[in-house]
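For chain E, the structure is supplied; the task is to place chain W on it using the hints.
First to last, the sequence lines map onto chains E and W.
Quick note: the first sequence uses this note's numbering, first residue 1, plus one each step.
Quick note: the second sequence uses this note's numbering, first residue 79, plus one each step.
Treat the hints as calculated values from the structure; they're not laboratory data.
You may find that some hints are simply not true.
What the hints assert, rightly or not - In silico DSBU-like links for lysine-lysine, alpha-carbon gap of 35 angstroms or less:
#1 E:Lys10 - W:Lys97
#2 W:Lys118 - E:Lys31
#3 E:Lys8 - E:Lys63
#4 E:Lys56 - W:Lys88
#5 W:Lys88 - E:Lys8
#6 W:Lys101 - E:Lys8
Said to hold, decoys possible - Stretches of chain E that chain W covers, calculated by requiring three or more beta carbons in the stretch to come under 8 angstroms of a beta carbon on chain W:
#7 24-38
#8 46-60
What the hints assert, rightly or not - Far from chain W, some chain E residues (derived; all Cβ distances over 10 angstroms):
#9 Lys8
#10 Lys10
#11 Gly12
#12 Leu14
#13 Gly18
#14 Asn68
#15 Ile71
#16 Thr73
From the three backbone atoms N, C-alpha and C, an ideal C-beta is built for every residue, glycine too.
Number of protein chains: 2
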Amino acid sequence: MRFVVVVKLKQGILDPQGKAIRKVIERRGEKRIKDIRVGKYFEIEVEGSNRKETQKTVESISKDILSNPIIETVDIIQ
Amino acid sequence: MRFVVVVKLKQGILDPQGKAIRKVIERRGEKRIKDIRVGKYFEIEVEGSNRKETQKTVESISKDILSNPIIETVDIIQ
Chain E
1 MRFVVVVKLK
11 QGILDPQGKA
21 IRKVIERRGE
31 KRIKDIRVGK
41 YFEIEVEGSN
51 RKETQKTVES
61 ISKDILSNPI
71 IETVDIIQ
Chain W
79 MRFVVVVKLK
89 QGILDPQGKA
99 IRKVIERRGE
109 KRIKDIRVGK
119 YFEIEVEGSN
129 RKETQKTVES
139 ISKDILSNPI
149 IETVDIIQ
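For reference, chain E alone in the conformation it holds in the complex:
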């Protein structure tokens, strides 16, 4: 079973990586970028036939290992 997990910084948390990328783009002459925020994207293949139960496993992994719940949010897609 395949899941996609997206980990993003919570709103209000500064994103220095995104800021740096925006500066690079600006220096290249593209001035229309107002904001870039960077997140992490995971494709996870899990053994299991029960979708609900497998999703719980993915949720627990996402919270415990893939993200820092203090500053990040997790979206599980599919």
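For chain W alone, coordinates are given in the frame of chain E:
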């Protein structure tokens, strides 16, 4: 205008970061994860009213700055 860009390693390209995460999860006792692949996720806010034209700007940034087209693919969402 808001775009989401997902950059993933091409199929067949090894993903040592994903492999390392899988090992950590396995060591924690969760044996059902068959594969994890890690990508990059960007939320980009662009000034512009013409969606098609703005999307072209985002495509060019994605190919030139956000990804390495030799080993990565780019998906632009929304």
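Each hint, compared with the structure:
Taken as a hint, the Lys10 of chain E and Lys97 of chain W pair is honoured in the structure, with Cα atoms around 27 angstroms apart against an allowance of 35 angstroms. Between Lys118 of chain W and Lys31 of chain E the alpha-carbon distance is near 23 angstroms, which keeps this suggested pair within the 35 angstroms criterion. For a cut-off of 35 angstroms, the pair hint linking Lys8 of chain E to Lys63 of chain E stands: about 12 angstroms separates their Cα positions. Proposed proximity of Lys56 of chain E and Lys88 of chain W is supported: the alpha carbons are some 28 angstroms apart, at most 35 angstroms.
For the suggested pair Lys88 of chain W and Lys8 of chain E, the alpha carbons sit about 23 angstroms apart, so the restraint of at most 35 angstroms is met. Taken as a hint, the Lys101 of chain W and Lys8 of chain E pair is honoured in the structure, with Cα atoms around 23 angstroms apart against an allowance of 35 angstroms. Evaluation of the coverage hint for the region 24-38 of chain E: fulfilled, as 11 residues show C-beta separations to chain W shorter than 8 angstroms, against a requirement of three. Counting residues of the region 46-60 of chain E whose beta carbon lies closer than 8 angstroms to any beta carbon of chain W gives 5, which meets the minimum of three for the stated coverage.
Not every CB of chain W is more than 10 angstroms from the CB of Lys8 of chain E (nearest about 7 angstroms), against its label as outside the interface. Listed as a non-interface residue, Lys10 of chain E keeps its Cβ farther than 10 angstroms from every Cβ of chain W; the least gap is roughly 13 angstroms. At the 10 angstroms boundary, the C-beta of Gly12 of chain E stays outside the reach of chain W, the nearest C-beta of that chain being 14 angstroms off. For Leu14 of chain E, the requirement that its beta carbon stay farther than 10 angstroms from each beta carbon of chain W is met, with the minimum near 14 angstroms.
The claim that Gly18 of chain E is not at the interface with chain W is violated, since a C-beta of that chain comes within 10 angstroms of its own (minimum 8 angstroms). Against the 10 angstroms criterion, Asn68 of chain E stays outside the reach of chain W, whose nearest CB is about 14 angstroms from its own CB. A cut-off of 10 angstroms between C-beta atoms confirms that Ile71 of chain E is not in contact with chain W; the least separation is 15 angstroms. Every C-beta of chain W lies more than 10 angstroms from that of Thr73 of chain E, the closest at about 12 angstroms, which supports listing it as non-interface.
In summary, the numbered hints that this structure violates are 9 and 13.
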